[in-house]
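Produce the complete structure using the sequences and hints provided.
One-letter residues, chain by chain:
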Amino acid sequence: MLNGIGNALPEIFLLIAALTVLLADLFLRKHSRILAYMMTQAALLAGAFLVYGNFAEGTARQLMGDMYLHDYLSGLIKLVALLLSCMIVVYGRKYWSNHHETPGEFYVLVLFTVLGMMLMVSTTHMVMMYLGLELMSLSLYALTSLLRDDGRATEAAMKYFILGAISSGLLLYGMSILYGLTGSLEVLTMAEVVGHELDIQAYLVPLLLALVFLLSGLSFKLGIVPFHMWMPDVYQGSPTAVTALISSIPKLATVVVVVRLLIEGLGTITAEWAQVLMVLGILSVILGNLVALVQMNFKRMLAYSAIGHMGFVFLGFSTQTADGNSAAIFYTIVYTVMSVGSFGVLILLGHMGIDAETLHDLKGLNKRSPWFALVMLLIMFSMAGIPPLAGFYSKLLVIGAVLQTGFVSLAIVMVLMSVIGAFYYLRAIKMMYFDEPQDTTPLKFDVEFGVTLTLNGAWVVVIGLFPQLLMTACVKALDAKHLL
Amino acid sequence: MLSILIWLPIIAGIAVLLLNKYSCVKWLGLGAAVVTFILSLLLLLFFNSADPTMQLIERTSWIDAVGIRVDYFLGIDGIALPLLLLNTFITLFALGSGWTITKEPAQFFAAFLFMEGIVNGVFVAQDAMLFYIFFEAMLIPLFLVIGVWGGPNRVYATIKFFLYTFLGSVFFFISLIFLYQHANGSFAFQDLYQHQVTKDAQVLIFFAFLLAFGIKIPMWPVHTWLPDAHVEAPTAGSVILAAITLKVGGYAILRFVLPLLSEAVVSYYWIPMVMSLIAILYVGFVALVQTDMKKLIAYSSIAHMGFVTLGLFMVHWLINSANDTFLPLVALQGAMIQMVSHGFISAAMFLCIGVLYDRMHTREIKAYGGVINRMPWFAMFFVFFAMANSALPGTSGFVGEFLVVTSTLAWGMSVALAASLTLVIGAAYNLWLVKRVVFGDISNAEVDKIHDINTREWLMLGGLAIAVLVLGLWPAPLVDLMNASLNELVQSIRFTVEVKGQGVL
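Going line by line, the protein sequences match chains A and B.
Read in the numbering used here, the first sequence has 434 at position 423, and its numbers run on one by one without any break.
Read in the numbering used here, the second sequence has 456 at position 341, and its numbers run on one by one without any break.
Hints may be right or wrong, so weigh each one.
[Unchecked claim] Below, simulated PhoX-like cross-link-like pairs (lysine-lysine); rule was C-alpha separation at most 25 Å, straight line:
#1 B/K564 to B/K481
#2 B/K136 to A/K455
#3 B/K218 to B/K136
#4 B/K481 to B/K550
#5 A/K378 to B/K136
#6 B/K218 to A/K441
#7 A/K378 to B/K218
#8 B/K410 to A/K441
[Stated by the list, open to error] Short derived list, chain A residues pointing at chain B, Cβ under 7 Å:
#9 D334
#10 L421
#11 V424
#12 K441
#13 F445
To be clear, the hints were calculated from the coordinates, so they are not data collected in a lab.
Bear in mind that the values here come from a model prediction, so they are computed numbers and not experimental data.
From the three backbone atoms N, C-alpha and C, an ideal C-beta is built for every residue, glycine too.
Given below as structure tokens:
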């Protein structure tokens, strides 16, 4: 039963680390809270190191019965998520010091979020998937409400919790119907049954019912139209450091669940769900980009832009070609890094307990700090999909895959929406470069914050110049022989 | 060799950004631009102008995953080389005119160095996706140049410029992916040329390309971003915009539309032709009534670029119907020379306006008058460039327009007559501009206080004047440089047109 448990070392290690930080934090006095930060950082980096050292280059393996899956896809996503959380923790420390607070819970909950996410992606068993999802989501609900005396944060936490719980319920209900139909909670066995034994025509209605629940649940988590309502409020209300987390870790995890459930599990009945993804995807692209145009609150704008970007991801999956799937994974990874970076810049601009969150707060950044203005410029142009930055290649791959399947009109809508979307990114750049600063207080940040944010921006350029690095990893991740 | 021309300015630009605290960055930037220019001149030594194929090829696989294959594939031929030289040459003047910038000079110089490298990339890319990447990347520095150092209405102008050109190029982007999939997964120009798509697809792609490059050139009726962008841009920005980026559109037509879409062009060549004639005539008249000097030159740019598109889109008809062996080549030569010449003249005109603006801080024509009394040297240059702009024989402006008009004669006397009317309209707005700005009595007390051009301005205007004169009096070296490649292009078009054997019209 415990055979091969060594492959789950990153998760085990992170669990122990999270509990240690939790315990240690109890005994730390206020001025030595930095120890909790350092332990978290060390845990995340060591976790990343463990994942990297134990990368599943060969075929995927199931361990501990069928509870744990050791494969390339989970390795890649876990590595990205761990490194991103390192960045978020750096930004988070600066955020909390802006607020003159040092909540140890933040670090513990981040660790639990990441742990949940790691469990969620490295399994093909629906129970594990659900447990991981709940661990991640519950930690995020708590994180959202960390600013206890802020009305909007409380509202955001409430919304996030209620809608998140509903979506988890939908997902669970879909899973249970599937279990009823196939008699298995394990995705690969389920795929076997659906592909060969089940009489699809006879059980079409329950199967479609299950699909509807699954798709609704997953769309909720990704913020796909029409299940996007929670996104703007939660993005805006959450503490910015937590918004960065919400915009990255759950997205990465949910995209992997989409791969597991839909592509691996129900890949034999593509016709039943690919069209749904296409419709939902294009609606998200349209709504996200159009509504983002009128947002002056930067966090809210990024929420709508996230809806648009996730639409692109869905469109990538909707092609149901190997290229389209890899493109969707590539898109998600690129998007999450850019999004964390832009929240990092927002955190940089906050001071004295006041968060920077409107576009006006960006004004004159080029005067205050040309370096970070450049970082933000790169991230914004990358989000708009201007070459030679990473965001361009993600759009190139998805649109290429869509055109390959022959949906020219879909591709035209996608590029038109990209042009419309370019406007609000340009507006952010306009604020930074063309306007005079409203607030001239010097920006305060320590070395590691500066280095992290610079790396975040540099990543966009490096992947822009050498996109091959990440692309091959994404292709490998979805390669049939790595997926079981 | 070609890689150096792309990356040297870009690396120098990064260095300038990093060293922004030191006062020597301007010299560093200019030095890098000079080195790049000298290196691009060295290309002439290695370049064999008798050979029509791509030379100095560099090719390595760059991206090959997720169904997309892009090669880092550079090469140069007689069509790209003159434009590349134009770019490295004009960048010197752009940097020179920005010498007195006080607001963030390091960022200013860096933006133009990035621009130089990127545009070099556009001209030497032999892989369509690589071309597109450079083509789009151009927007970033230009957006910032207009937005940061521009005039009062700069935000409107620069966002309009960006979105307009971005809108055009996304259709180019989709067409490229379609062509790529048709060419069995290769973006290399040579592979795209070999896999001609069906006529129906060609027609759609033709209109997509026409939109993309029509906006870039710009052609009537999608030209409206240009006057706004020019008026708000700083002098150096206007110089690069008029002299270089407009040429990218013409170059793209030579590279993509003419060889790739022969069947569509044979059927629909008249649409861009009519648009070009409207640009030449109507926009010429529009230029006549402008009260802002920069706007006037911007409209005259559109009219002059009308000659370029007129010459380019006539080639298929000349091959298909006129059955003349020589005229297609003349039309292409005319368009190319017109592009190079317009690069010199428009840069010079914008520099002249910049010189006046630096002293008077207004571009309104009515604020001037009698400038010759205080700035005789400047007046000499201004009159000379205005003459060149109205295509006076002996200046480079004449050669291109003459060749294009000659080739339109085959199409019909009326068209040639209409096109040559521009000589009259052009003379009208240029001479009237000169009369109102340079000659007459000093009516404005401010004009009385201004002083003549300094050495830096003398050098810049003098350099361009020499270029205009040399190209006007002795265009043979330029023609020799590009003839083999243009001839090859004509032959390949003739081949596709005749093989398909679909004589339309």
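So, going through the hints one by one against the coordinates:
no.: 1; hint: B/K564 to B/K481; in the structure: holds (17 Å)
no.: 2; hint: B/K136 to A/K455; in the structure: holds (20 Å)
no.: 3; hint: B/K218 to B/K136; in the structure: holds (13 Å)
no.: 4; hint: B/K481 to B/K550; in the structure: holds (11 Å)
no.: 5; hint: A/K378 to B/K136; in the structure: holds (14 Å)
no.: 6; hint: B/K218 to A/K441; in the structure: holds (16 Å)
no.: 7; hint: A/K378 to B/K218; in the structure: holds (10 Å)
no.: 8; hint: B/K410 to A/K441; in the structure: holds (24 Å)
no.: 9; hint: D334; in the structure: holds (4 Å)
no.: 10; hint: L421; in the structure: violated (11 Å)
no.: 11; hint: V424; in the structure: violated (11 Å)
no.: 12; hint: K441; in the structure: holds (6 Å)
no.: 13; hint: F445; in the structure: holds (5 Å)
Hints 10, 11, counting from the list given before, are not met by this structure.
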